[in-house]
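Those protein sequence lines, which keep their order, are chains A and B.
For the numbering used here, count along the first sequence from 1 and bump the result up by 2.
For the numbering used here, count along the second sequence from 1 and bump the result up by 2.
What the hints contain is simulated information worked out from the structure, not anything from laboratory work.
Among these hints, one or two may not hold up.
It does not matter which identical chain is meant; a pair holds if it fits inside one copy or across any two.
List time: in silico DMTMM-like cross-link candidates among lysine to aspartate or glutamate, alpha-carbon distance up to 25 Å [unchecked claim]: (1) K90 <-> D76; (2) K153 <-> D42; (3) K82 <-> E48; (4) K153 <-> D106; (5) K66 <-> D165; (6) K66 <-> D124; (7) K90 <-> D23; (8) K12 <-> D124; (9) K153 <-> E30.
Protein chains: 2
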Amino acid sequence: MADRSSHSTKPIRTPLSGEDDLDLSVIELFFFAYRDFTSDPDQILEAYGFGRAHHRVLYFVNRKPGLTVAELLDVLQITKQSLARVLKQLIDTGHIVQVQGPRDRRQRELYPTGKGRQLALDLAKPQSRRIRAALESVDGSARAVIQDFLKAMVNPELRPQIDHLPSAGAISKGADE
Amino acid sequence: MADRSSHSTKPIRTPLSGEDDLDLSVIELFFFAYRDFTSDPDQILEAYGFGRAHHRVLYFVNRKPGLTVAELLDVLQITKQSLARVLKQLIDTGHIVQVQGPRDRRQRELYPTGKGRQLALDLAKPQSRRIRAALESVDGSARAVIQDFLKAMVNPELRPQIDHLPSAGAISKGADE
DNA sequence: AAAAATATGTCAACATAGCTGACATAAATT
DNA sequence: AATTTATGTCAGCTATGTTGACATATTTTT
């Protein structure tokens, strides 16, 4: 019987498994780990009527206060129309404020307010707790290895983005009022 | 001037950084790593008119052929209405077939076809390549540490799900025709 | 045997978060 | 003065999730 394009519709009963050069265990661990990693903040955000998109915006604005709209779009890799909606909500609810760029007045620098900083902290806490617990359950020296691994998973051409964030080690010297 | 709920709208200029017990570097590395990890298959799926949802269904059906709809819903943690759409497309395009459960004839066992297996392989390859490259860039003994870490990131009550997948090591004994 | 529970499917309506394309405005650059 | 750039906004589309209601076949319980 003619089956389309050389494949039959016969059910395959053998599980796909990492014989060849397939690393299925890391693939699926990554999937499950990320799913649960994002579930912590998702629950908190629900109470605010926010979603994961708001979280990402809030996170990076807190991580690099004063970043412009264009820079944020670059990090998030979404369109400005897509950003507009969530950003507007975060501004309307007083989590983020816009400041006209001091050099280039076309630019809008984005800053968290006290409220926005507090929410960012609240969202980061359960995630940090999960990470800490996971690190404790493995070797003590694992931390550097895991960071290196995760960084190596990122596209090389996009790694500069990460490096340009104020590193957890080297705190930048800005003084708030 | 009265500001709502004890917070001012004054812009905060200090970057959020991991002073307290905040593990920002792993938080953001995880975000970037997962983003790029999923971008490989996304590109392939586009050619088929499929999305990430199709990928997940196809993946787990290949990983555990014969799983029922209910089991799949359990793994994916979505509603049956949500699953219905993508599953229908995968069946219509001949990537997955349904077989009436042999014991309980209400159940629908899901199996990949040759075509569905092939696509699953094509999607897993670039992800495995990325993982392999990342593992090579770190210590050789890192593999076990990273797997343990990722597993520890998963909610304890959901870990059985992972363990019940045919592990890359112990291949189950099913014989295809 | 009848009733209840279960596994699945389906219809309709809705929400979120992404997208493209088009156009407007203000400010900077040429 | 003309052009480019940074941002904003309108309108409509898609993908993927949601809830609620209901239908059907089959199994389990009474």
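Here is how each hint holds up against the structure:
In the homo-oligomer, the alpha carbons of K90 and D76 lie at most 25 Å apart inside one protomer (18 Å), although the nearest pairing across protomers, at 36 Å, exceeds that limit. In the homo-oligomer, the alpha carbons of K153 and D42 lie at most 25 Å apart both inside one protomer (23 Å) and across protomers (16 Å), since each shortest distance falls under that limit. In the homo-oligomer, the alpha carbons of K82 and E48 lie at most 25 Å apart both inside one protomer (24 Å) and across protomers (22 Å), since each shortest distance falls under that limit. In this assembly of identical chains, K153 and D106 lie within 25 Å of each other by CA distance neither inside one copy nor across copies; the values are 33 Å within and 47 Å between.
Within a single copy, K66 and D165 get their C-alpha atoms as close as 12 Å, which meets the 25 Å cut-off; across copies the closest is 40 Å, which misses it. For a Cα distance limit of 25 Å, the shortest separation of K66 from D124 inside one copy, 17 Å, qualifies, whereas the shortest one across copies, 38 Å, does not. For a Cα distance limit of 25 Å, the shortest separation of K90 from D23 qualifies neither inside one copy, at 46 Å, nor across copies, at 30 Å. Taking the shortest Cα distances, K12 and D124 sit within 25 Å of each other only across copies (19 Å), while inside one copy they are farther apart (51 Å).
In this assembly of identical chains, the alpha carbons of K153 and E30 lie at most 25 Å apart whether taken from the same copy (18 Å) or from different copies (10 Å).
The structure fails to meet hints 4, 7 from the earlier list, while all remaining hints are met.
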